[in-house]
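Protein chains: 2
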Amino acid sequence: MTFLEYRKNLIKDILKFNPQRKEYKKGEILTDISFSTEKILIIDKGLIRYYHNLCEEKEFLLGCYSKGNIIILDRISDFLDGDKYLENFYIEVCEDTTCYIVDKNFLKILYMKDIDLHEKILEYTSIFYQKLFFQIRDIKLFSIENAVLSLLIRAYRTYGNNNENSFINHKILNKNIAKSLNSTEETVSRVVAKLKKEGFISIKKKHFFLQNLEEIEKRLGCKSCRKSICYF
Amino acid sequence: MTFLEYRKNLIKDILKFNPQRKEYKKGEILTDISFSTEKILIIDKGLIRYYHNLCEEKEFLLGCYSKGNIIILDRISDFLDGDKYLENFYIEVCEDTTCYIVDKNFLKILYMKDIDLHEKILEYTSIFYQKLFFQIRDIKLFSIENAVLSLLIRAYRTYGNNNENSFINHKILNKNIAKSLNSTEETVSRVVAKLKKEGFISIKKKHFFLQNLEEIEKRLGCKSCRKSICYF
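Those protein sequence lines, which keep their order, are chains A and B. The first sequence runs 0 to 231 under numbering that gives the first Met the number 0. The second sequence runs 0 to 231 under numbering that gives the first Met the number 0.
What the hints contain is simulated information worked out from the structure, not anything from laboratory work. Be careful, since some hints might not be right.
The list treats identical chains as interchangeable, and a pair is accepted whether it falls inside one copy or across any two copies.
[Stated by the list, open to error] Cross-link-like lysine to aspartate or glutamate pairs, in silico, EDC-like; alpha carbons within 16 Å at most:
#, residue 1, residue 2
1, K222, D80
2, K226, D43
3, K226, D115
4, K226, D82
5, K178, E144
6, K226, D12
7, K21, D115
8, K195, E144
9, K174, E184
10, K195, E214
11, K222, E144
12, K193, E22
13, K222, D82
14, K119, E214
15, K226, D80
16, K204, D95
17, K217, E27
18, K226, E4
19, K7, D80
20, K222, D115
Source: prediction; values computed, not measured.
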């Protein structure tokens, strides 16, 4: 099973219980205040940005998610001392978005109806954070060129079009690459231009193409890394 | 419950089933080849280094662990496609070490005897990776001075002595700080000297003291971060 199939199955398992559907307007930010009882969010239509906030208003973009994505808002270490109603992960609605919402009470009902679901959600949370660990590791340990390629490989694996091998079927803005790398748009533009010139990537109408997947994977050392969770 | 209490409880839950005890010699490296069936390792005596390996032999130190630590070697996303017997996390024995080992078969027996244990181990894995995410995030997003302080705060919370508030009861070598930050020993020495001069830390016999905990927490923005998992 691939991660994408695995995620799809989990969503199916939850949707069969008909959670409520809610609409959110572009620009809304779903924080812990408005979202105190919401525990699971499944995107049905639209686009959201999932980001991590630090002190000093520094923002670190973790991903832009559209249909078929699930976000677990229930931090499973809530039973540990130390944090009080604290949220470090934020969601901003980028386009008018419709989501299925599982709130605290509905989740309890789900767990009663499907005894395996608690474990499945816990497992997904664990895989999600492993995934995030590898994502942020690449950004930290790679050069900026390799960090950009690492993001693009992830995007390709998540949104890749099987018919046209190297095509990433998802608009990727330099602005968002910069926010994902804690870098600036200018630096990213320069790096993207260099990678284009070197023949690793090409861009048509804001869509990236990976020109030489094998060479990129060799450069990043993908063969000794965990492809199973190399997704957004 | 604190993370340390939580970890202690999990260890107690596993040890009551009397897993086998094994001795390892200083210098041994426990990789997937020798450790193919081992799933859980609980350190009873000695010291190990837990590190992450990248391509190009780059090593990233995640922690030095002694008695009372548990490492889950069972990667719970093993059912996902993409990786074949791949290990990105390594363990090196730093001092002669005795561990309790739960292997694949024993784990199955545990799960049969204690139905809640599977969930507990899954939950610990999830918390462990969340913890790791925050650890590596600090290193990426902070300046090197703040990254060093962030490591020391973690060490203080893990090994802090409650009687002497700011004392970290654990030897910390600049060499290991460097490996944890993907930096050099020279840079770390310079940063440590600067932090000493500025009055944030002091060092006696390779033991660090945090001189002004409140000021350090303010500088790092700890109040808006997750203290519950700020441990090694």
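Next item on the list: Since the copies are identical, ignore which copy is meant and state whether K222 and D115 lie within 16 Å (CA to CA) inside a copy, between copies, both or neither.
Entry: neither (33 Å within a copy, 36 Å between copies)
Note to self: Within, between, both or neither: how does the pair K222, D80 come out at a Cα-Cα threshold of 16 Å?
What the structure shows: between (40 Å within a copy, 14 Å between copies)
Check: Taking 16 Å as the upper bound on the Cα-Cα distance, should K193 and E22 be classified as within, between, both, or neither?
Finding: neither (41 Å within a copy, 52 Å between copies)
Next item on the list: Go through the copies and call it for K226 and D12: within, between, both or neither, with a Cα cutoff of 16 Å.
Entry: Answer is neither: 25 Å inside a copy and 33 Å across each miss the 16 Å cutoff.
Item checked: Status of E214 relative to K195 across identical chains (alpha carbons, at most 16 Å) -> Result: close within a single copy only, 14 Å intra versus 46 Å inter.
Margin query: Within, between, both or neither: how does the pair K119, E214 come out at a Cα-Cα threshold of 16 Å?
Written below: neither (36 Å within a copy, 42 Å between copies)
Notebook entry, point to check: How do K178 and E144 come out at 16 Å by Cα distance, when the copy is not named: within, between, both, or neither?
Noted result: Result: close within a single copy only, 15 Å intra versus 22 Å inter.
Next item on the list: Have a look at K7 and D80 and pick one of within, between, both or neither, based on CA distance no larger than 16 Å.
Entry: Intra 33 Å, inter 15 Å, cutoff 16 Å: inter-copy only.
Next item on the list: First find the shortest C-alpha distance between K226 and D43 inside one copy, then the shortest across copies, and answer within, between, both or neither for a cut-off of 16 Å.
Entry: This pair counts as neither: shortest intra-copy Cα distance 26 Å, inter-copy 34 Å.
Notebook entry, point to check: Is it within, between, both, or neither for K222 and E144, if the alpha carbons may be no more than 16 Å apart?
Noted result: This pair counts as neither: shortest intra-copy Cα distance 19 Å, inter-copy 34 Å.
Item checked: 16 Å Cα threshold - placement of E27 relative to K217 -> Neither: 41 Å inside a copy, 29 Å across copies.
Next item on the list: Could you place K226 and E4 in one of the four classes (within, between, both, neither) given a Cα distance threshold of 16 Å?
Entry: This pair counts as within: shortest intra-copy Cα distance 14 Å, inter-copy 34 Å.
Hint violations for this structure: numbers 2, 3, 6, 7, 11, 12, 14, 16, 17 and 20, all remaining hints satisfied.
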